[in-house]
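Trainee: Chains as they are written, first to last, in the working numbering: chain A, 9 to 325; chain B, 2 to 498; chain C, -3 to 312.
Among these hints, one or two may not hold up.
[Stated by the list, open to error] The calculated label-pair distances, taken between Cβ atoms and stated as ranges, are:
#	chain 1	residue 1	chain 2	residue 2	range
1	A	Asn23	C	Leu288	48 to 58 Å
2	C	Leu288	B	Lys245	50 to 60 Å
3	A	Leu44	C	Lys116	27 to 37 Å
4	C	Phe123	A	Pro234	25 to 35 Å
5	A	Lys313	B	Leu233	56 to 66 Å
6	B	Glu59	C	Val96	26 to 36 Å
7	C	Lys116	A	Lys237	15 to 25 Å
8	A	Val40	C	Asp153	16 to 26 Å
Please keep in mind that the hints were generated in silico from the structure rather than gathered at the bench. Please read all numbers here as calculations on a predicted model, not as lab measurements. Built from N, CA and C at the ideal position, the CB exists for glycine as well.
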Amino acid sequence: MKQSKNKVPKQGFWNRVKNNKELLILSMPGAVWFILFAYLPLFGVLVAFKKYRLSGGFFQSLIESEFVGFDNFKFLFSSGDAWIILRNTVLYNFTFIILGVVLPVIVALLLNELRNKGMAKIYQSSMFLPYFLSWVVVSYCLFAFLNPEKGYFNNILQQFGHDGISWYTEKGYWPFIIIFMSQWKGIGYNTVVYLASICGIDKTYYEAAVLDGASKWQQIKYVTLPLLKPVITILLIMAVGGIFKADFGLFFQLPKDSGPLYPVTNVLDTYIFRALKANGEIGMSSAAALFQSTVGFVLIMIANKIVSKIDNENALF
Amino acid sequence: MMKLKKIAALGLALVMAATSLTACGGKKGETNENGEEIVELTWYQVGDTQKDAQKVIEKVNEYTTEKIGVKLNIINVGWGDYNQKMQVVINTGDKWDMCFTCSWANDYLQNANKGAFLELDEYLEKEGKEMHDLVDPRFWEAAKIGGVTYGVPHEKEIGSCPMWVFTKEYVDKYNIPYQDIHTLEDLEPWLKLIHEKEPDVVPLYLTKDYTAPTYMDKIQDPVGIEYGDDTLTVKNVFETERMKSTLKTMRKYYTEGYVNKDAATASDDKSIKRFVTKGDGQPYAELIWGKDLGYEVVATEIMDTQITNASARGALTAINKNCEHPEKAVEFLNLMYTDEYLRNLLNYGIEGEHYEFVEPAKEEIQAAEGKEYVYDKKVRLNEETKKDYSVPYWVQGGMFNTYVLENEPLDKWAAFKEFNDASKEAPSFGFDFDLEPVSTQVAGFRNILDEFGKSLYTGSVDPDEYLPQLQKKLEATGIQDVIDEMQSQIDEWKAQK
Amino acid sequence: MFEKHRQKALEAKMEQNQSKFNQIKKPTNVLFNIILSILSLLSVIPFIFVIIISFTDENTLAMNGYRFIPEKFSLYAYQYIVSAGENIIRSYGVTILVTVLGTLLGLLLTGTYAYALSRKTYAFKKFFTTMITIPMLFSGGMIANYLIVTKVLMLKDTIWALILPLCLNSFNIIVLRTFFKTSIPDAVVESAKIDGASEWRLFFQIVIPMALPGLATIGLFLTLGYWNDWFNAMMYMDSKKWVPLQYLLIQIESSMDWLASNKSMMGVDGIQAAANLPKETIKMAIVVISTLPIIFAYPFFQRYFVNGLTVGAVKE
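Here chain A stands alone, though its shape is the one from the complex (with noise of 0.2 Å):
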């Protein structure tokens, strides 16, 4: 890397424009769609500056409108409940990224490993399925089993003389029930990456490996991993950047908008979703978005920057 750096000596604008002509094309198509699709939309954002009114179209209600700072960001901490709901954003979120990659390795290791590769293709299928079903279907189905009255665990229960269990009521469970389903309905989606990279990986290095006697499991602490490992580190990083960002069917479909159990499951978006229902206040959502962005952007920063210190090569830029 600083190799390449150096072999490039400081060189015209124009110049590195020339010897890089064909990548540059290769770019451009990319390049064009990100400003036409990422780029000018991103005016949008002063609204969180704004107390938007309208008067005429967008653009002159956008000028038009009265400056208020970070106002409209408020909201976001007026609540008693801030903390908390700070608290169960980041916590939840941090046992995703964690599990998000420890479960999808386990799983794409152990189809990989497989003798039987039809079955692998069979398993590997199925995981996918839940990615399909919809929050709002899959709330339905839980419900099916939690249902206080007439739901299969409570008969279970029944069956054995234990009193029926008032699921959406009892605040202990959820956070288990949240990071179940979370990781249930992800684990087939999350897999594939790996089972790519895994496949990816150049055959003689096991070939190497065997031919010094390596066992499997060595194999894979020292080929698979190792090889695994820029994969694993860019997702973290993307990962890390979706801290303050929540699922907002899993933590507002999946329990039913169940008042009890908010302690639990209140995250940001549930939170600025209620707040915003009361008051149609675009600035406030701009304002929410952008705060959640900024963290988000700070934190990619950070670990990015602890990332490319251990090892540049696996840094995101």
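Put chains B and C on the given structure of chain A with help from the hints.
Mentor: Frame of chain A, contents of chains B and C only:
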């Protein structure tokens, strides 16, 4: 950094140029037989698109182009998407001429305050005069915000009328004088009776959207003015004696086993047999509830029907402030409010295809004679095609012009009129709260109310323990600021009145 | 010399393992199979549940709630869908068209961009990486996007409004870049360069074939993204010409949900509106018919990341 700014400025300029270019579109040149230029009006409505909508609109356009030189382009947006979609359409200054608005979707007050809607007063004296005269003046009063009218109200039920809805089977079986039952407390002996005699029946069936009987206009939930309080003192509903005792009673019912255990999270499960439940009524609502449940019900009012801003703004049509042909839009609405053919076409579809006329029974005609809004025919929907065109009648205004369905009473609209005339205005009727100075505080309320409200209302939790918690959180979020602000606004409003 | 030696040693090893080279032991295999079957079962059961409900009688569902073995079966939901025929078939067509076009276009754009970024000698690497990092987090929001797509790009009510907004995203580019970096040895690229190959040829003839698992992954992600998309349809399709399948489903779902949660505000009107909506079993039937095709399409991608897994892949 400078460079970045320049690029950003350039980009913004480009976007602006491009958008302003397209702002003035619209077809021109077409004229109708009278030589009027034909204007196309884009009309956003809530509710799912109907399969035969295009067919019906063609028919409508045929008629309206000839009559007033207007063509409609109706865009339906599904219930769940309407708020979001309209927020985008309105805030981007997209092309739209008319839209459905009300107090519970595509919020009327907010949008009017934001400057999205056209001020209609001037037009209502000319193009909209007839329709202005037709609709109950109290609807127009409710449509006014700061003295200005921003929407044309649809004359549905004007007040909110919470009711106890009893399953007729048990009322008959135990000879229950249901008409004498009004307050929550009145229910007690009968709940007890049912609880003892009918173990399979839930005496008081409640679901998560249940609100205990509230004797207050919650202008900004949970803050408002109590019904009958002419001093206009702003209060937090959870601090009123009435609510405190209601919650205690609810708790008692819950612990006695009168209420279903999962009330705070339940959504209506029709398979559950219930003796009584709560519903928000209107004339002949029993018929609709009964049809929905599959058995007969009877209902009684919990309290007098009260008119509040929210209840009287149950459905309106607003016109875009930037509409190019506002007079045409008003003219069209006026036609819809006054023209039977057009209104019924929009409501039921095409005669002979989606419905046919039937003669009402002689006795019914006689009984309804002399009443207002009674027609000499009823509508029978075509079983085959009715699902291809079925719009809720109140999404468009002028519904007193619609014929009634075969299974509806002939005097349905007369009953609506009577109902509306009998409704009382709440003391706070006509007052609009500008929540801007306290929008931060208000944003925090919903989370707190959703967290505790359902459990408290249904009696699932002990109010002695949870009410103080709720109060504490509301105070931490700044409820006093909201009360103070509202009090000062309402004092000012009172002084001007 | 060394090559030969290695080959021999390998063959010896393979014989030792009864020609099953480098496999896990039988008991371990059984254990792995058990773990994976449990996981698979957990994933399949809810889906079977959905299928069963789609075949349940509507009244039975209302009476008993969701049951694995309903009292009464019914084909009503599917009959309803068939009778609503043309809409559903048209939407199927739209979804397939959008998915195929979008995936191809997306792969091309993602591939070229990611390839350029993966090249160590690319002088503008940092610039173009930063360019995609910022939008990964910051966005102008719904309203600004709407304005650009409808007013600047003029895509409202065109099929491109369903395709273009989804064809590229930073996540896919970065994942693919990482794939390229790890699965294509520098030596290959450099030797091709020395042979005078242009970057185009390098990309299309060497990189693409070598990075098939990676491309298949991104292709799968894109396909799923398009297949499940409804938001763009909600935003940009006012005419009903291009309504994808998922939007039909989501509309029913969100309408039902919304009416249920706003019951107290809408009173009797809400009940009437809800009565006009398709019933729950129909919703489940749509889930089933909208998911089945993609399940059948899945193996197409899968073979690139499951088939060629390590064991069999020792070059024959």
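Trainee: Now tell me, hint by hint, if it's right for this structure.
Mentor: Verification of the hints:
1. Between A/Asn23 and C/Leu288 the beta carbon distance is about 56 Å. The supplied range of 48 to 58 Å therefore holds.
2. The supplied range of 50 to 60 Å is met by C/Leu288 and B/Lys245, whose beta-carbon atoms lie about 56 Å from each other.
3. A beta carbon spacing of about 29 Å between A/Leu44 and C/Lys116 agrees with the range 27 to 37 Å that was offered as a hint.
4. Separated by about 30 Å at the C-beta atoms, C/Phe123 and A/Pro234 satisfy the suggested range of 25 to 35 Å.
5. For A/Lys313 paired with B/Leu233, a C-beta distance near 59 Å keeps the hint of 56 to 66 Å intact.
6. B/Glu59 and C/Val96 have their C-beta atoms about 34 Å apart, which keeps the hinted 26 to 36 Å range intact.
7. Checking the proposed 15 to 25 Å range against C/Lys116 and A/Lys237 shows it holds: the Cβ atoms sit about 18 Å from each other.
8. Against the hinted window of 16 to 26 Å, the Cβ-Cβ separation of A/Val40 and C/Asp153 comes to about 23 Å, which satisfies the hint.
Hint check: no violations occur; every hint is consistent with the structure.
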